[in-house]
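*Asks:* The chain contents come next:
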Amino acid sequence: MLFFNHFGRYLIMLKGMFTRPENMRMYWKELMHQCVEIGIGSLGIVIIISIFMGAVSAVQTSYQLVSPLIPSTTIAQIVRDTVILEFAPTVVCIVLAGVIGSKIASELGNMRVSEQIDALEIMGINTKSYLIMPKIIACLITIPLLVILSMVLGIWGGRLAGTATGIISPDTYDMGLLMNFVPYNVFFALIKAYTFAFIISTIPSYYGYYVKGGALEIGRSSTKSVVISCIMILFADYVLAALLLDKAG
Amino acid sequence: MIEFNHIRKSFGEKVVLEDVSHIMETGKCNLIIGQSGSGKTVMQKCLVGLFEPDEGEIIYDGVSFTDMGIEQRKELRQQIGMLFQGSALFDSMTVEQNIMFPIDMFTNKPFAEKLKQVNEVLERVNLVGINKKFPAELSGGMKKRVGIARAIVLNPKFLFCDEPNSGLDPQTSMVIDKLILDITREFNMTTVINTHDMNSVMEIGENILYLYKGKKEWSGNKKDIIFSKNERLNGFIFASEFLQDAKDMRMLEAKGKIDDNRDMNELLNGDKLV
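Going down the list, the sequences are from chains C and S.
For the first sequence, my numbering begins at 1 and goes up steadily by one.
For the second sequence, my numbering begins at 1 and goes up steadily by one.
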């Protein structure tokens, strides 16, 4: 019952966003602000985890490929495909669910508790539209871009680690990257990125917007929103893989 | 003028407001008073539409607020200003940006004109030169005044204040009260104030609604309070012996007699009032 109650309110919140903006210029300004906060604000962590994910992936793949019959180019192929299919969209988005999700939930929660949302409502502003919509659109714009950046940096991190440790030469790695490349994988990764961006922005918005109480409740709802976002990301990851990769095969 | 009739509001099983009717007059400071938990804040939130009453009707200048659609309410709300208990200033914005926000949202004026308007209201609330400060850098009284400035920047017809004196010292409270009273007169607004500050009641209470356990218990003005025989009201307003003595002195001056159950000789000897 509780699930349906939350899900119903979540859908009502999303429906409530679609009204005529009071002033398009102010909404645009807020959207740009959110793009900077979410996109630029998460850039550092995305760069760091992407490079290390690619590097670890290259070293571990080489460790597991013990047969001399398997060519070294396979390392590059495995790094490329795991980074594109799973690491960049899923792992990065799980990290972003923590970074962006907690930020969104605590920001909205603080605004709710300190009556700033009520103040906006009294002014005649649709707070769902003004506060939540720009966050969702900003996530839908910036998160897929961060995922593309993560793919590039992950593959580059693998190359860096592979050549630095002497596992694979740069030329062999580059050759491996071009072998059996399936462009559909990038398309699939972007579908995942858009789906996860929607989850990362809407679930914390719901928990932050409807928070009741004080500082303790803001913390609780922030944590809850991150946990539920992560579970939903993993669930959506499985569903999308089952639906889209099977078709591709 | 705001008129409300037979307002009822409950949360689950708990009835918070029951059959409350009153008229808030234009150009006056209308006070809603009562103990904590008496339903003051819920009453005010019903009036501004943050809560929907279960029953009853709210009428703004002859137009039913209860029957209005979302768009009509949005239009009316542009004529409403509200000062919240915690000021509700936007933390990430400066004082100037906070006050400019409603102008930005609802007008397309050039920046110079908006800035002029912001400076005018800041001057009106005696806060010149703090444009670039953030809310965290302000004292409680200053935050309240910025909150008032933001509430009146679009020249609203209705001003709502939720506990404007909470957390302020008596002197600052008087400044805020006087400011609200002056602004109400100057702009001929209908001002509705929630308070349980007795100084405010006696200073600016031109039309007072006393709520007791969610019901209308008494209404009148600050002069009527002195002569009221309502025991619950007297128990609430003149809670301390000092205030009871002060009330008796006022009655003595005005009517030459005090409440039957008070010792006149003891009072006149001045022991209590000193």
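Keep in mind the hints are simulated off the structure, nothing from the lab.
Since this is a predicted model, take the numbers as computed values, not measurements.
Treat the hints loosely; a few may be bogus.
[What the hints assert, rightly or not] Derived pair list, reagent style SDA-like, types lysine to any residue, alpha-carbon separation capped at 20 Å: (1) S:Lys-74 with C:Lys-103; (2) S:Lys-157 with S:Tyr-60; (3) S:Lys-45 with C:Lys-29; (4) C:Lys-29 with S:Gly-12; (5) C:Lys-103 with S:Lys-229; (6) C:Lys-29 with S:Pro-110; (7) C:Lys-15 with S:Arg-73; (8) C:Lys-103 with S:Lys-222; (9) S:Lys-213 with S:Arg-8; (10) S:Lys-109 with C:Ser-42; (11) C:Lys-15 with S:Glu-71; (12) C:Lys-212 with S:Thr-94; (13) C:Lys-29 with S:Thr-94; (14) S:Lys-74 with S:Arg-8; (15) C:Lys-212 with S:Gly-12; (16) S:Lys-222 with S:His-196; (17) S:Lys-74 with C:Ser-42; (18) S:Lys-74 with C:Lys-212; (19) S:Lys-216 with C:Met-24; (20) C:Lys-128 with S:Arg-8; (21) C:Lys-103 with C:Pro-21; (22) S:Lys-222 with C:Gln-77; (23) S:Lys-157 with C:Met-17; (24) S:Lys-116 with S:Ala-136; (25) S:Lys-114 with C:Met-17; (26) C:Lys-29 with S:Glu-71; (27) C:Lys-128 with S:Phe-90; (28) S:Lys-114 with S:Glu-55; (29) C:Lys-15 with S:Lys-74; (30) C:Lys-29 with S:Ile-103; (31) S:Lys-45 with C:Met-24; (32) C:Lys-128 with S:Glu-52; (33) C:Lys-212 with S:Gln-244; (34) C:Lys-29 with S:Asp-104; (35) C:Lys-29 with S:Glu-52; (36) C:Lys-29 with S:His-196; (37) S:Lys-45 with C:Ser-42; (38) S:Lys-74 with C:Gly-16; (39) S:Lys-109 with C:Asn-23.
*Asks:* All the hints need checking, so say for each whether the structure fits it.
*Replies:* Hints versus structure:
In summary, the hint linking Lys-74 of chain S to Lys-103 of chain C is not supported, as the alpha carbons are separated by about 29 Å, beyond the 20 Å threshold. The suggested pairing of Lys-157 of chain S with Tyr-60 of chain S holds, with an alpha-carbon distance near 10 Å, which does not exceed 20 Å. Our distance criterion of 20 Å between C-alpha atoms is broken by Lys-45 of chain S and Lys-29 of chain C, whose separation comes to about 30 Å. Of the pairs offered as hints, the one joining Lys-29 of chain C and Gly-12 of chain S is violated, with about 40 Å between alpha carbons and a cut-off of 20 Å exceeded.
Taken as a hint, the Lys-103 of chain C and Lys-229 of chain S pair is broken in the structure, with Cα atoms around 55 Å apart against an allowance of 20 Å. Annotation: proposed proximity of Lys-29 of chain C to Pro-110 of chain S holds, straight-line Cα distance about 16 Å (limit 20 Å). Our distance criterion of 20 Å between C-alpha atoms is met by Lys-15 of chain C and Arg-73 of chain S, whose separation comes to about 19 Å. Pair hint Lys-103 of chain C plus Lys-222 of chain S does not hold up; C-alpha atoms about 48 Å apart against a cutoff of 20 Å.
With a CA separation close to 12 Å, the supplied pair Lys-213 of chain S and Arg-8 of chain S stays within the 20 Å bound. The suggested pairing of Lys-109 of chain S with Ser-42 of chain C is violated, with an alpha-carbon distance near 35 Å, which exceeds 20 Å. As the CA atoms of Lys-15 of chain C and Glu-71 of chain S are separated by approximately 16 Å, the hinted pair is consistent with the 20 Å bound. About 26 Å separates the Cα atoms of Lys-212 of chain C and Thr-94 of chain S, which puts this hinted pair outside 20 Å; it is violated.
Note on Lys-29 of chain C and Thr-94 of chain S: the hinted pairing holds, with a Cα-Cα distance of about 16 Å set against a maximum of 20 Å. A distance of roughly 23 Å separates the Cα atoms of Lys-74 of chain S and Arg-8 of chain S; the hinted pair therefore is violated under the 20 Å criterion. A threshold of 20 Å between alpha carbons decides the hint, and for Lys-212 of chain C with Gly-12 of chain S the separation of about 16 Å falls inside it, so the pair holds. Restraint check for Lys-222 of chain S and His-196 of chain S: satisfied, since their Cα atoms lie roughly 14 Å apart, inside the 20 Å limit.
As the CA atoms of Lys-74 of chain S and Ser-42 of chain C are separated by approximately 36 Å, the hinted pair breaks the 20 Å bound. Taking the CA atoms of Lys-74 of chain S and Lys-212 of chain C, the gap is near 24 Å; set against the 20 Å cutoff, the hint is violated. Of the pairs offered as hints, the one joining Lys-216 of chain S and Met-24 of chain C is violated, with about 44 Å between alpha carbons and a cut-off of 20 Å exceeded. Between Lys-128 of chain C and Arg-8 of chain S the alpha-carbon distance is near 27 Å, which puts this suggested pair outside the 20 Å criterion.
For the proposed pair Lys-103 of chain C and Pro-21 of chain C, the alpha carbon gap of about 24 Å is over 20 Å, so the pair is violated. Pair hint Lys-222 of chain S plus Gln-77 of chain C does not hold up; C-alpha atoms about 84 Å apart against a cutoff of 20 Å. This hinted pair does not check out: Lys-157 of chain S and Met-17 of chain C have alpha carbons roughly 28 Å apart, beyond 20 Å. At roughly 24 Å between alpha-carbon atoms, Lys-116 of chain S and Ala-136 of chain S are farther apart than 20 Å, so this suggested pair is violated.
Restraint check: the Cα-Cα separation between Lys-114 of chain S and Met-17 of chain C comes to about 28 Å, which exceeds 20 Å; the hinted pair is violated. Our distance criterion of 20 Å between C-alpha atoms is broken by Lys-29 of chain C and Glu-71 of chain S, whose separation comes to about 23 Å. Proposed proximity of Lys-128 of chain C and Phe-90 of chain S is supported: the alpha carbons are some 16 Å apart, at most 20 Å. A hinted pair counts as satisfied when its Cα atoms are at most 20 Å apart, and Lys-114 of chain S with Glu-55 of chain S does not qualify at roughly 41 Å.
Proposed proximity of Lys-15 of chain C and Lys-74 of chain S is supported: the alpha carbons are some 18 Å apart, at most 20 Å. Note on Lys-29 of chain C and Ile-103 of chain S: the hinted pairing holds, with a Cα-Cα distance of about 15 Å set against a maximum of 20 Å. With a CA separation close to 28 Å, the supplied pair Lys-45 of chain S and Met-24 of chain C exceeds the 20 Å bound. Straight-line distance between C-alpha atoms of Lys-128 of chain C and Glu-52 of chain S comes to about 18 Å, which keeps the hinted pair within the 20 Å bound.
Between Lys-212 of chain C and Gln-244 of chain S, the direct Cα distance comes to roughly 39 Å. Violation of the 20 Å bound is thereby established for this hinted pair. Between Lys-29 of chain C and Asp-104 of chain S, the direct Cα distance comes to roughly 11 Å. Compliance with the 20 Å bound is thereby established for this hinted pair. Distance hint between Lys-29 of chain C and Glu-52 of chain S is unfulfilled; the C-alpha atoms sit about 32 Å from each other, more than 20 Å. A distance of roughly 41 Å separates the Cα atoms of Lys-29 of chain C and His-196 of chain S; the hinted pair therefore is violated under the 20 Å criterion.
About 39 Å separates the Cα atoms of Lys-45 of chain S and Ser-42 of chain C, which puts this hinted pair outside 20 Å; it is violated. In summary, the hint linking Lys-74 of chain S to Gly-16 of chain C is supported, as the alpha carbons are separated by about 14 Å, within the 20 Å threshold. Distance check on the hinted pair: Lys-109 of chain S and Asn-23 of chain C sit about 12 Å apart at the alpha-carbon level, within 20 Å; holds.
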